[in-house]
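Asker: Residue strings, one per chain:
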Amino acid sequence: MTRARNPRTRSLAVSTVTFILVASVASTALAAVRVYEGKGVASARLGMRDSVAAARIGKVTKSFRDRSYAGRVVYKYCFGRKMSSGRYPLEMYGDKTRKVFQFTVNSGSYVTVKGIRVGSGKDALKRAYGDALVEHEGSVYKRYTLGRAPATDFYVKSDKVTSIVVRAR
Amino acid sequence: MIQTARAAVIAWAVGALVTAAFLGAPSRVCATAPEGVEAAATEPQPQRPAPRVSLASGRVVPRRLSFEVSASEPASSVVISAGGETPVHTVELSGEASWSVALDSIDLPYGPLWLAVVTRDASGTSVPRRLRLYNVGTVSDMPVSGRRVLVDKRAMRVYHVLNRRVLRSWPVAIGMPSAPTPTGTFRLGAPQPSGGAWGVLRRPLLKKSGSRWVRTSYYIHGTNEPWSIGMMASHGCVRMFNSHVREFARTVPNGTLVRIR
Chain A
1 MTRARNPRTR
11 SLAVSTVTFI
21 LVASVASTAL
31 AAVRVYEGKG
41 VASARLGMRD
51 SVAAARIGKV
61 TKSFRDRSYA
71 GRVVYKYCFG
81 RKMSSGRYPL
91 EMYGDKTRKV
101 FQFTVNSGSY
111 VTVKGIRVGS
121 GKDALKRAYG
131 DALVEHEGSV
141 YKRYTLGRAP
151 ATDFYVKSDK
161 VTSIVVRAR
Chain B
1001 MIQTARAAVI
1011 AWAVGALVTA
1021 AFLGAPSRVC
1031 ATAPEGVEAA
1041 ATEPQPQRPA
1051 PRVSLASGRV
1061 VPRRLSFEVS
1071 ASEPASSVVI
1081 SAGGETPVHT
1091 VELSGEASWS
1101 VALDSIDLPY
1111 GPLWLAVVTR
1121 DASGTSVPRR
1131 LRLYNVGTVS
1141 DMPVSGRRVL
1151 VDKRAMRVYH
1161 VLNRRVLRSW
1171 PVAIGMPSAP
1181 TPTGTFRLGA
1191 PQPSGGAWGV
1201 LRRPLLKKSG
1211 SRWVRTSYYI
1221 HGTNEPWSIG
1231 MMASHGCVRM
1241 FNSHVREFAR
1251 TVPNGTLVRI
1261 R
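First to last, the sequence lines map onto chains A and B. If you're matching positions, the first sequence starts at 1 in the numbering used here and goes up one per residue. If you're matching positions, the second sequence starts at 1001 in the numbering used here and goes up one per residue.
These are computed hints drawn from the structure, not numbers from a lab. Take these hints with a grain of salt, some might be off.
[Claimed, not checked] Covered stretches of chain B (in silico footprint by chain A; criterion: 3 or more residues with CB under 8 Å from a CB of chain A, positions within the stretch not fixed): (1) 1155-1162; (2) 1176-1187.
[Claimed, not checked] Subject to a maximum C-alpha distance of 20 Å in a straight line, what follows is the list of computed DMTMM-like cross-link-like pairs (lysine to aspartate or glutamate): (3) A/76 with B/1247; (4) A/62 with A/37; (5) A/114 with A/95; (6) A/157 with B/1225; (7) A/62 with B/1121; (8) A/142 with B/1092.
For glycine and all other residues, C-beta sits at the position ideal for the given N, C-alpha and C.
Looking at chain A on its own, in the form it has when it is part of the complex (with noise of 0.2 Å):
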């Protein structure tokens, strides 16, 4: 038995999932979260309580105290749901006063004041901070640092930001 194909289940068919991306992609552009350069996420900023911090960027997927390195201790704070990659989409760590020290965004949903996400290209985030920005070479990535201390780096691989990092130091 063969299913006759009808034009108008067709086109509802696309239209349905035109607007499933649609909206997908506009609700992303709503839900941006804000990143400030050199300060912090949100309204978590560098140098505040870690628990404080915390509640106020949202829901906590995975907190731990994190002793695998060099007997430093680390509490970090992950965000979001795990992505493939195994990353999430806002890591913040807290050193053992407590005090958050850095924010590392791997997601396109955290854009900065400048309008800089995960994603972005080379040649927006040039034209974004100009000179401002000091280029690092690297084996991987490329790292481009706006400000001393703190500041802010954007990790790029293959032209694309991967990563931002606002530190303390």
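Since chain A is already given, all that's left is putting chain B on it; use the hints.
Answerer: Below, chain B without anything else, positioned relative to chain A:
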């Protein structure tokens, strides 16, 4: 009532299709071939043989590089490119078959790079001679003889060097600015199987204290976060890809001196 709903659905579908057509337009524009492709395809192929190049300094090079280029055929110019595309140095010649070219004034890209040397004449351009070089900035702390591991934080790369010749190099992640990787001379400990954030294995770095080498809390290790390689992401350790750290453990003997700078 049903007719009204149907009319609304049809109106919505038409609107969505118009939107789809509008959004789809740029992809059709991009489908045309970019300019210059045809020109590149018709460019004449190099005919002349590659020149011979001898490097005085080996493959680990300082910022100032000098080397000698010679060719079996006379040429009007020799062009040196670093890092792939852009010519960094052009020397005009008067038909000699042998030249000594000094790149003293050339700012070579930092880290590993490909140097390409071609000769040109009215008959065309030679096949490029490609050389793999490692610009490590300064070579004074690299021993002329013996084995050494150099961790170059600026290039975010680790080099396995024997007699000032790079046997292999791997990209690494280093410490965050708030938890930097320490600099200095260390000794490499034996590989230990590990897991989690350490990756497949880790090798401790030993620091000299008096006459003894004592363990530090820093390691060269693998990772469970491969995307972090090439970033300032660790808490002071040197991270490598798991496949690279296995190779590192296999090829670099225990006790090798490690210079981190």
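Asker: All hints, please: hold or fail.
Answerer: Against the structure, the hints:
1. 1155-1162: holds (count 3)
2. 1176-1187: holds (count 4)
3. A/76 with B/1247: 30 Å, violated
4. A/62 with A/37: 24 Å, violated
5. A/114 with A/95: 29 Å, violated
6. A/157 with B/1225: Roughly 16 Å between the alpha carbons, so the hint for residue 157 of chain A and residue 1225 of chain B holds.
7. A/62 with B/1121: Violated, because 65 Å separates the two Cα atoms, which is more than 20 Å.
8. A/142 with B/1092: Violated - the C-alpha atoms of residue 1092 of chain B and residue 142 of chain A are around 34 Å apart, more than 20 Å.
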